[in-house]
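Enquirer: Following the hints, complete the assembly by docking chain D onto the known chain R.
These protein sequence lines map, in sequence, to chains R and D.
For what it's worth, numbering that gives the first Met the number 0 labels the leading residue of the first sequence as 0, then goes sequentially.
For what it's worth, numbering that gives the first Met the number 0 labels the leading residue of the second sequence as 0, then goes sequentially.
Bear in mind the hints are in silico, worked out from the structure with no lab data behind them.
These numbers come from a predicted model, not from an experiment.
Worth double-checking, as some hints may not be accurate.
[As the list claims (entries may be wrong)] In silico EDC-like cross-links for lysine to aspartate or glutamate, where the CA-CA straight-line distance does not exceed 20 Å:
hint: 1; chain 1: D; residue 1: K392; chain 2: R; residue 2: E113
hint: 2; chain 1: D; residue 1: K87; chain 2: R; residue 2: D70
hint: 3; chain 1: D; residue 1: K392; chain 2: R; residue 2: E342
hint: 4; chain 1: R; residue 1: K6; chain 2: R; residue 2: E121
hint: 5; chain 1: R; residue 1: K62; chain 2: R; residue 2: E270
hint: 6; chain 1: D; residue 1: K433; chain 2: D; residue 2: D455
hint: 7; chain 1: R; residue 1: K183; chain 2: D; residue 2: E121
hint: 8; chain 1: D; residue 1: K438; chain 2: D; residue 2: E364
hint: 9; chain 1: D; residue 1: K381; chain 2: D; residue 2: E417
hint: 10; chain 1: D; residue 1: K337; chain 2: R; residue 2: D70
hint: 11; chain 1: D; residue 1: K176; chain 2: D; residue 2: E161
hint: 12; chain 1: D; residue 1: K87; chain 2: R; residue 2: E75
hint: 13; chain 1: D; residue 1: K338; chain 2: R; residue 2: D70
Given next are the chains, with one letter for each unit.
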Amino acid sequence: MKNQKCKGMQDLLPEDMLRFRRIEDVFRTCCRNWGYREVRTPTLEYLHLFTATGTLTPSMLSKVYSFLDWDGWSGERVVLRPDGTIPVARLYIDNLSGQELARLFYVTNIFAFEGTGKENRERWQCGAEVFGGARFAPDVEVILLAREVIRRLGLSNITLQLSHAGLVAALLKDLKLSPGEEAKMINRILEGNWQALTKAKSTNPEIERLIAALLGLKGKSSSFLHNVRASFPRASQDFKSSLEDLINITTLLDNLGCSYEIDIAAIHGFEYYTGICFQFLAAGENIGGGGRYDSLVPLMNGEDIPACGFALYVDPMMKLLPLEKEKKGESGILVQGKESTSEIVKTCFAVAESLRDAGYPVELDFTGRKESNYRWVILVSGKEPSLFMLTDCIRRRRRDAASMAEILKVISEV
Amino acid sequence: MKDYQTGYIKLALPKGRFLSPTASLLAEIGLGFQDYNDKTKQYRLRSTRFPGLSAKVLQEKDISIQVAVGNYDLGICGLDWIEEFLVKYPAGAVVKISSLNYGEGSIHVVASAEAEIANLNELSAGGNDYRIVTEYPNLAEAFALNLRMRRFRIFPVWGAAEAYPPENADLAVLWGKSGADIETQGLIPLKRLLPVTAFLIANRESLENKGLSQILMCFSSKLTAEPQTSIENGLDISEELKVPRPLWRAKTINLALPDGHQQAPTAQFLKRTGLNLQGYSEGVLNRRPSADLDWLGIKVIRPQDMPLQVANGNFDLAITGEDWLREHLCRFPSSPVKKLFPLGFGAVKIVAAVSQEMPVANIDELRSLVQGSPDHIRAPLKVASEYINIADKYLRDNHINPYKLIPTWGASEAFLPEDADVLIDNVQTGKTLKQHKLKIIDVLFRSWACLIANSDAIGASSQKKEKLEFLTQKLRAGLE
Numbered sequence: 000m001k002n003q004k005c006k007g008m009q010d011l012l013p014e015d016m017l018r019f020r021r022i023e024d025v026f027r028t029c030c031r032n033w034g035y036r037e038v039r040t041p042t043l044e045y046l047h048l049f050t051a052t053g054t055l056t057p058s059m060l061s062k063v064y065s066f067l068d069w070d071g072w073s074g075e076r077v078v079l080r081p082d083g084t085i086p087v088a089r090l091y092i093d094n095l096s097g098q099e100l101a102r103l104f105y106v107t108n109i110f111a112f113e114g115t116g117k118e119n120r121e122r123w124q125c126g127a128e129v130f131g132g133a134r135f136a137p138d139v140e141v142i143l144l145a146r147e148v149i150r151r152l153g154l155s156n157i158t159l160q161l162s163h164a165g166l167v168a169a170l171l172k173d174l175k176l177s178p179g180e181e182a183k184m185i186n187r188i189l190e191g192n193w194q195a196l197t198k199a200k201s202t203n204p205e206i207e208r209l210i211a212a213l214l215g216l217k218g219k220s221s222s223f224l225h226n227v228r229a230s231f232p233r234a235s236q237d238f239k240s241s242l243e244d245l246i247n248i249t250t251l252l253d254n255l256g257c258s259y260e261i262d263i264a265a266i267h268g269f270e271y272y273t274g275i276c277f278q279f280l281a282a283g284e285n286i287g288g289g290g291r292y293d294s295l296v297p298l299m300n301g302e303d304i305p306a307c308g309f310a311l312y313v314d315p316m317m318k319l320l321p322l323e324k325e326k327k328g329e330s331g332i333l334v335q336g337k338e339s340t341s342e343i344v345k346t347c348f349a350v351a352e353s354l355r356d357a358g359y360p361v362e363l364d365f366t367g368r369k370e371s372n373y374r375w376v377i378l379v380s381g382k383e384p385s386l387f388m389l390t391d392c393i394r395r396r397r398r399d400a401a402s403m404a405e406i407l408k409v410i411s412e413v
Numbered sequence: 000m001k002d003y004q005t006g007y008i009k010l011a012l013p014k015g016r017f018l019s020p021t022a023s024l025l026a027e028i029g030l031g032f033q034d035y036n037d038k039t040k041q042y043r044l045r046s047t048r049f050p051g052l053s054a055k056v057l058q059e060k061d062i063s064i065q066v067a068v069g070n071y072d073l074g075i076c077g078l079d080w081i082e083e084f085l086v087k088y089p090a091g092a093v094v095k096i097s098s099l100n101y102g103e104g105s106i107h108v109v110a111s112a113e114a115e116i117a118n119l120n121e122l123s124a125g126g127n128d129y130r131i132v133t134e135y136p137n138l139a140e141a142f143a144l145n146l147r148m149r150r151f152r153i154f155p156v157w158g159a160a161e162a163y164p165p166e167n168a169d170l171a172v173l174w175g176k177s178g179a180d181i182e183t184q185g186l187i188p189l190k191r192l193l194p195v196t197a198f199l200i201a202n203r204e205s206l207e208n209k210g211l212s213q214i215l216m217c218f219s220s221k222l223t224a225e226p227q228t229s230i231e232n233g234l235d236i237s238e239e240l241k242v243p244r245p246l247w248r249a250k251t252i253n254l255a256l257p258d259g260h261q262q263a264p265t266a267q268f269l270k271r272t273g274l275n276l277q278g279y280s281e282g283v284l285n286r287r288p289s290a291d292l293d294w295l296g297i298k299v300i301r302p303q304d305m306p307l308q309v310a311n312g313n314f315d316l317a318i319t320g321e322d323w324l325r326e327h328l329c330r331f332p333s334s335p336v337k338k339l340f341p342l343g344f345g346a347v348k349i350v351a352a353v354s355q356e357m358p359v360a361n362i363d364e365l366r367s368l369v370q371g372s373p374d375h376i377r378a379p380l381k382v383a384s385e386y387i388n389i390a391d392k393y394l395r396d397n398h399i400n401p402y403k404l405i406p407t408w409g410a411s412e413a414f415l416p417e418d419a420d421v422l423i424d425n426v427q428t429g430k431t432l433k434q435h436k437l438k439i440i441d442v443l444f445r446s447w448a449c450l451i452a453n454s455d456a457i458g459a460s461s462q463k464k465e466k467l468e469f470l471t472q473k474l475r476a477g478l479e
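Bound-form chain R, shown alone (with noise of 0.2 Å):
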């Protein structure tokens, strides 16, 4: 039998390491100009920490890698973390509730079944997150923070789209729905089935104008959530107060010249979200989303404290980043050993050292193999008087060198 990754699994080869490196580097630079600190959360959670909250939906909970630990003769299970948000409101209720505001980044690998095996079941994000804060004005910075994610990655046909929990779930109690016929409502939603909430009847006929209204238009500015408000005098009052912020968060981003779509059922999956909720789309594929999340840290427990963020999702945006070449022939130098007598490689390992000390990148080999993806190859013969013999690959010249000194000299001149 043949040694077979997991099915579902995937390996990162040196060209995918570049990419995913890329977009780490990016994010993490982003994240610390804007004043984030990097945090790490556990692979291993409990699954009660992804009940408790009642938000996440039964099918999501179902491909939960979730098993009895060696101690958990209690019934106690844990999870292989399938969300990145939510250990993170752990670590925050945790060890920073104290802090009045906390502006965390991540980035980390989550788990969730997939059943055909063709998807990845292992899948990269990096997350940021703000608890504490004043309303509007970080919902408009996760919002800002993963575009220049995004635009400093050279991701081009980017598509922001918005929408609202909050208005979600006032048209949802507008429609005065049983409890039990509610829950399977909003996990129709969730998994993105907005077509229910279109035929869900009503016995106001208002309701169903708005619900329609809103799920057929898409707006490109603030404008279009001042006409809602005002071809909809009657809505109730939650509906309004939602509206509002969304239109306080609208009109910001129209000041700040950041392009959006308002698409109330462009979003699935915004399961423990309560205001505003958002999602990039590269090409036409969503890499990434976020939004604002109230009541998750209280309903875990912790301090009635509000919340907003977003993760990036670091696989569609590998597959969509060009490959960037290694640059070994810039500046990459080969030290190569004539022999493998002790002499020799010992000399290598010497030459190697000072250069790596001088700041440049150097492999060995002693091989003998031809190699020109290299700036320079310094064959080492350990013979007196040209110990070394220096090619330069870019203007395929030669010269000799017989001391450590008269290397760096030669390579620094050029």
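Expert: For chain D alone, coordinates are given in the frame of chain R:
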């Protein structure tokens, strides 16, 4: 082993509750399995009508798994075990062909009439930690997740789930004939999950590629055209229940006694100790016998389930087999359960056995055989066992690689040689193994009935400690 199967159609038939009606059905449609009846001791059957058709009689719990992995093309078993499998493995290769229109009762979610649970709403609203005891852990988990229960723990048991609430569990997911029948056991049915009827199932690949039509046509006179029943996703969350709530009194010391094979020798042993028990003798199944000691609570449950229950503090003492204690400790090495002393009855050997035709005499030769086979045809060794954690550890310790464990629920000897290569099971005399043309290649350990306790309970309050000591002494007095 592949050749054995090629060209044949294999059918898995149930033991137990559905044996008799299934035998009648097969006789009626003329499949030619005259030997499949209540009295047969045979596991392997050949159709007298269809030369290519054979059948094996299996535990119902095993049938959906065996059909899914492709060891059988067709199977008949209860919808409860099919859904228990499919709810966890929706992509599993089991296709429900049709209900066979016989069966009885339903799977219910129940609470004790004495518990403070009035309706399903309550289960998802509060921050309570609910303990759910069940033979159907996957159905129970799906129920809890669908209801969005905030916190729950599931305790899988081998049986007797009805005996656990209210002291040892808040909810049970179990089979019941009817709501009224459940109420006679002092339980309140909160929700019916699915009706239990017998089903004809097929392996997906067999259905796509094999010529099963002749066999299916025999069934077709019996197949219903109605839509198939399946697990009910809809939850009537608004159901209000009027529940009387008398209080039950907690006992200082709780003792678990075994049902099944161990009941008779345990009852004899207890007689010798001079403990005067009512309702625990040979041939009587009362889940709650009583003793003269008013501080002693007694329940009769499966011995397999006792170590986990003792670990969780539901019982202070229990009489079980060392095999089940060891199985528990292999799974949970830091568990607080420990053996106090063996009781001198219920001796068995836990052995590894293979088919007499397999050219190995011991575990080392088995390892060489597995490792020696050329890489490209080296299929994992299939090991059937009731003791999956003991088996897992044994195979790891003996560097057998690769292997696959097939969990079974008794009568594991029927799996060899077609569906498994090795059996790890308990034997008393070894006669059954010989009958099935198997041979023992290793004795893992010997096991007796023993008294187990929770080491945390031993260090408990002095009042409790005193009573524990009293009872332990009394039981020790029964040793011959």
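Enquirer: CA of K176(D) to CA of E161(D), is that 20 Å or under?
Expert: Holds, at roughly 13 Å.
Enquirer: Please work out if K392(D) and E342(R) have their alpha carbons no farther apart than 20 Å.
Expert: 51 Å, violated
Enquirer: Quick one, are K62(R) and E270(R) close enough, alpha carbons at most 20 Å?
Expert: With a Cα-Cα distance of about 15 Å, the restraint between K62(R) and E270(R) holds, given a limit of 20 Å.
Enquirer: Quick one, are K392(D) and E113(R) close enough, alpha carbons at most 20 Å?
Expert: 30 Å, violated
Enquirer: Mind checking the alpha carbons of K381(D) and E417(D) for me, to see if they're no more than 20 Å apart?
Expert: 10 Å, holds
Enquirer: Is K337(D) within 20 Å of D70(R), Cα to Cα?
Expert: 15 Å, holds
Enquirer: For K338(D) and D70(R), compute the direct alpha-carbon distance and say whether it is at most 20 Å.
Expert: 18 Å, holds
Enquirer: Would you check the hint for K6(R) and E121(R), treating anything up to 20 Å between C-alpha atoms as holding?
Expert: 10 Å, holds
Enquirer: K438(D) and E364(D) were given as a pair; does the straight-line alpha-carbon distance stay at or below 20 Å?
Expert: The given pair, whose Cα atoms are some 14 Å apart, holds under the 20 Å limit.
Enquirer: For the pair supplied as a hint, K183(R) and E121(D), confirm whether the alpha-carbon distance does not exceed 20 Å.
Expert: Roughly 18 Å between the alpha carbons, so the hint for K183(R) and E121(D) holds.
Enquirer: Verify the proposed pairing of K87(D) with E75(R), using a straight-line Cα cut of 20 Å.
Expert: 18 Å, holds
Enquirer: If you draw a straight line from the CA of K87(D) to the CA of D70(R), is it 20 Å or shorter?
Expert: Since the Cα atoms of K87(D) and D70(R) sit roughly 23 Å apart, the hinted pair is violated (cutoff 20 Å).
The earlier numbered hints that this structure contradicts are 1, 2, 3, 6.
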